[in-house]
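Trainee: The end of the sequence shown is residue 588 by full-length UniProt numbering, with every number in the run present.
Among the clues, some could well be false.
Unchecked claim - For each label pair, taking beta carbons as the anchor points, the in silico distance ranges come out as:
#1 ILE505 with THR423: 30 to 38 angstroms
#2 GLU521 with VAL585: 25 to 33 angstroms
#3 THR514 with GLU464: 18 to 26 angstroms
#4 LYS555 with GLN517: 28 to 36 angstroms
#5 GLN396 with ARG529: 32 to 40 angstroms
#6 GLN55 with ASN527: 54 to 62 angstroms
Stated by the list, open to error - Keeping only pairs whose Cα atoms sit at most 20 angstroms apart, straight-line, the calculated DMTMM-like set for lysine to aspartate or glutamate is:
#7 LYS389 with GLU351
#8 LYS389 with ASP409
#9 LYS373 with GLU59
#10 LYS454 with GLU468
#11 LYS454 with GLU429
#12 LYS480 with GLU429
#13 LYS454 with ASP398
#14 LYS389 with GLU429
#15 LYS366 with ASP411
Hints listed in this document are in silico derivations from the structure and should not be mistaken for laboratory results. Note that the structure is a prediction, hence the values are computed from the model and not measured. Beta carbons are placed, not taken as given, at the ideal position from N, Cα and C, and that holds for glycine.
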Amino acid sequence: MATTPVPFKHDALQPAGASPHYRGPWRKCLAQETHGRSSLSLSLCQTPIIFTALQADLEQLGADGTDEPARLQALLSYSLQYRAALRSIADNVFQHVETTAGLAPAVMEEEARLVQEFGHLEEAWHLCEIFFPRSILIQQAGGFIIPHLLEWLNLHCTELDRELKSILQHQTQLIDQNAAYWTTQMVAAWTDRFDAYPQAQELCRILAAEAGSASYLAKLFPNWLHHVIVYAQYWRPLCRIGEIEDLLLDLGLHVDETDLYLIILQQEPEQTILSLLSHFPTFWSPAHLADLLQRSRWFGAAPRRGAHNMTLREHYVISYALELAREDTLWPLAASYLASCGSVGQATLVEVLESRPQPSLSAVRKSMALARKHGLDITAKRIAICEAKRRQNSGQLDVAVQYFFEAGDLDAVTRIADAMLRTYAATGELDPTDLAQRLGPAVLQSERLTFIAKYKEALALIAEMHYEQAANILINVLSKSTMAPRWLHLHVLLDMLPILEQPDIVFDAEQTQTLMQCLQEVELSHNLREYTRYLLAKQPCHGEEGEKLDEDWDKIPLDQLRTQLATLLEPLRLALARNLARALVVSR
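Turn these sequences into a full structure, and let the hints guide you.
Mentor: What follows is the structure, encoded as structure tokens:
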């Protein structure tokens, strides 16, 4: 028997060392719109678009492996787009610091950390790209890794460019007398930056032949991976992708086992994801990397974990989606991720949509549109109904009716309208909140609300002594059997009494007969007790202790009700009879 999908719970999956309310630089960037910097949020919003396009593109390419090279090229293309989005975020933060005057030192320090964090994340992502999806193509081409690592080094080792720029801007002496200048030139040479001057590369090859040059590189490149790449370029240029760790032994370098770059080089996908989560307390990189790794078949048979039997990809993608769902401005982006995660993702999306606060009708429509986009029509209706009931209970009937209209629940609208009519029958006050008027054209979706609007208009016309117009409206609503509830017909007929008593004839003979027939149907109905409940409850019945007829209504004998009703309706019968006689005389 099929089981109902269970939504994914995220509370126990916080990053290592992070509290459930972690608000580090990354999480601050998620909410940048609150600080008036929507460009950051816009850059971050690019990644769900990339993610969704990737899913659609790979579905078109097929999952049977028949076009594996095209799949890998597509994955690398999307990986490059992810890197571009990260770079865009860092550039936007840097631009904000550069162009905004009067920033507090603490704010500038925080912005600098944000730039640094996104820069490091881009570096790590690029390295993962090389050692995971791209490594398959590298292996097919012989496995030579150094050109790819040099590309990575020159793209992300920006200290050289900053140092050289600083030297050129602040140089007050001959540039060749500045030791820092020559250091930058050597670093540029060792990192293969002198394409226009091959002699410098030849010099490096000569230096590489000397045994002491390796130790000299350690001073120029304190980062162990930078050191290894430069060393391999001249000492082991044909180094293959699986031999990088051997270079550590050659150089006598001791690297911490928890170092992120070392874990990436070891090509352990699960450990790499956990390390990324530890270094960058957000599920952004684990989610998108896990997606790429599963698409490039690095997870093999896609092991399943946890009570929900999810793949690692689903686990991390849903975790990131829930991270987005907690943000007021970015929560709709979570839907794209959850929709790609099977039944558990769909159940989680339902929970996210139904648990979101809905402060306005536009918010309800947004949630409903999102639900319908992903095939959750029942959820869309439930969102509107739940919010409608909440507003109804708080007395906001006009808002509740709008939500019921959105849900297509016209029966609920009819029930609200009937409650308003019962209030009118008991108090004589019809629609004091002008609900029908405030709804505008939407009121036409409900016959009962249309009746209230017309009935209120007729009562206003009677008060203004525009009897003919009021009569036309009342005859019209009574002639439509479903527009007004039967039990209200007596009230409508009694409201016509001032019109019937006018010196001038307003109702013709046919209309008067219609009114008399309506009265007769009510009097002969087996629902007389219900029809007269509100009408007679306001009439005193002098019995013991002066009880009212509305007390123990169902225990009152029916004959007693008929007697009371006949007394109450006597003026109406006489008015109808006189009007009919006058109308017949006039018609002859």
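Trainee: Against this structure, judge whether each hint is valid.
Mentor: A quick look at each hint next to the structure:
Roughly 34 angstroms separates the CB atoms of ILE505 and THR423, a value that falls within the hinted 30 to 38 angstroms. Here the CB-CB span from GLU521 to VAL585 is close to 27 angstroms, well matched to the stated 25 to 33 angstroms. For THR514 and GLU464, the hinted distance range of 18 to 26 angstroms is satisfied, since their beta carbons lie about 24 angstroms from each other. The supplied range of 28 to 36 angstroms is met by LYS555 and GLN517, whose beta-carbon atoms lie about 31 angstroms from each other.
For the hinted restraint 32 to 40 angstroms between GLN396 and ARG529, the CB-CB distance of approximately 33 angstroms keeps it satisfied. For GLN55 and ASN527, the hinted distance range of 54 to 62 angstroms is satisfied, since their beta carbons lie about 59 angstroms from each other. For the hint pairing LYS389 with GLU351, the CA-to-CA distance comes to about 18 angstroms; that is within 20 angstroms, so the pair holds. With a C-alpha separation of about 12 angstroms, the suggested pair LYS389 and ASP409 falls inside the 20 angstroms cut-off, and the hint holds.
Taking the CA atoms of LYS373 and GLU59, the gap is near 19 angstroms; set against the 20 angstroms cutoff, the hint holds. For a cut-off of 20 angstroms, the pair hint linking LYS454 to GLU468 stands: about 14 angstroms separates their Cα positions. Simply put, LYS454 and GLU429 have alpha-carbon atoms about 15 angstroms apart, close enough for the 20 angstroms limit, and the pair holds. With a CA separation close to 23 angstroms, the supplied pair LYS480 and GLU429 exceeds the 20 angstroms bound.
For the suggested pair LYS454 and ASP398, the alpha carbons sit about 17 angstroms apart, so the restraint of at most 20 angstroms is met. The suggested pairing of LYS389 with GLU429 is violated, with an alpha-carbon distance near 23 angstroms, which exceeds 20 angstroms. For a cut-off of 20 angstroms, the pair hint linking LYS366 to ASP411 is broken: about 23 angstroms separates their Cα positions.
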